[in-house]
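Residue numbers (the working numbering), protein chains in the order written: chain A, 1 to 112; chain B, 113 to 226.
Among the clues, some could well be false.
Listed below are the simulated SDA-like cross-link pairs for lysine to any residue, each with C-alpha atoms no more than 20 Å apart in a straight line [stated by the list, open to error]:
1) A/Lys104 <-> B/Val200
2) B/Lys153 <-> A/Leu11
3) A/Lys68 <-> A/Ala95
4) B/Lys121 <-> A/Lys68
5) A/Lys54 <-> A/Met29
Hint data in this document are derived by calculation from the structure and do not stem from the laboratory.
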Amino acid sequence: DQQVKQNSPSLSVQEGRISILNCDYTNSMFDYFLWYKKYPAEGPTFLISISSIKDKNEDGRFTVFLNKSAKHLSLHIVPSQPGDSAVYFCAASEAGNTPLVFGKGTRLSVIA
Amino acid sequence: DTAVSQTPKYLVTQMGNDKSIKCEQNLGHDTMYWYKQDSKKFLKIMFSYNNKELIINETVPNRFSPKSPDKAHLNLHINSLELGDSAVYFCASSKGGLITDTQYFGPGTRLTVL
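Pulled out of the complex, with its shape left as it was, chain B reads as follows:
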């Protein structure tokens, strides 16, 4: 009964490739997020979607494109992968988009770009 799930858990790929990370939540939440935790351990918001619409888009290269086929899914596509994209990517969801709505995180996807 996993609340927020991500696949794959680990992803190792070569520079220049295109890859996707999938996220699904079964909590019935309206808002989903993607975070990146880099080598310095900072956890930073990348995107936020509410009911399939983009509401937050932080300064992220346009090689990163989120896609929300429905409000239970928010996938992250990354084109032309670079070494600096190596990080742990976390998906999260919350009931609404207010800061007081608790965010529930997935287990993370560790991306390694060689």
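Extracted from the complex, chain A is given alone in its bound form:
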């Protein structure tokens, strides 16, 4: 019962171009969404989040878009840099202290 799905296991993008990572969810009770980035042999690090009351949140080169009706969110990275090459995890949670539910991750490779 995958409540959070990242259907693309990998993505390759040229340096300087836009990277778009997608995430779908099935639980309509989710109201807080996050993206984490993970380098090899390290733990995930928080990147950006969005509450269900918003449809967009921006932080520098990173923008997360939320489409509640489609139960879909995406992470845009512009411009992509080689240092962005990592595995990106989408995560979601219901209100309160409920645990994070993670997707399987998408491996982004930014090619110089």
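Once you've looked at the hints, dock chain B against the given chain A.
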């Protein structure tokens, strides 16, 4: 100045053994977590502690027992290890237990059960 540290980084052991993984955070956070990333790459919450008290205990075999001697430490003890326990285990911490409190992860412990 590692924020969340775990030891050991790698652990290889035989089925049936008992092992422990240690976690320490120096961020002054009140809440700590254990996650398991299995072979299918899903990262799943196992336990959450707030100020040394258990607040989340997902469906995990009772062979897994977390112990929090103080709020900076959350250790994971695993008894009678099974092949299916092979995974990467991540410890994390956050200031509070709210979902809006950013979770900081340790580097992970790769457990291999032979």
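Item to check | Hint numbers contradicted by this structure | outcome: Checked against the structure, the only hint that fails is number 4, while the rest are satisfied.
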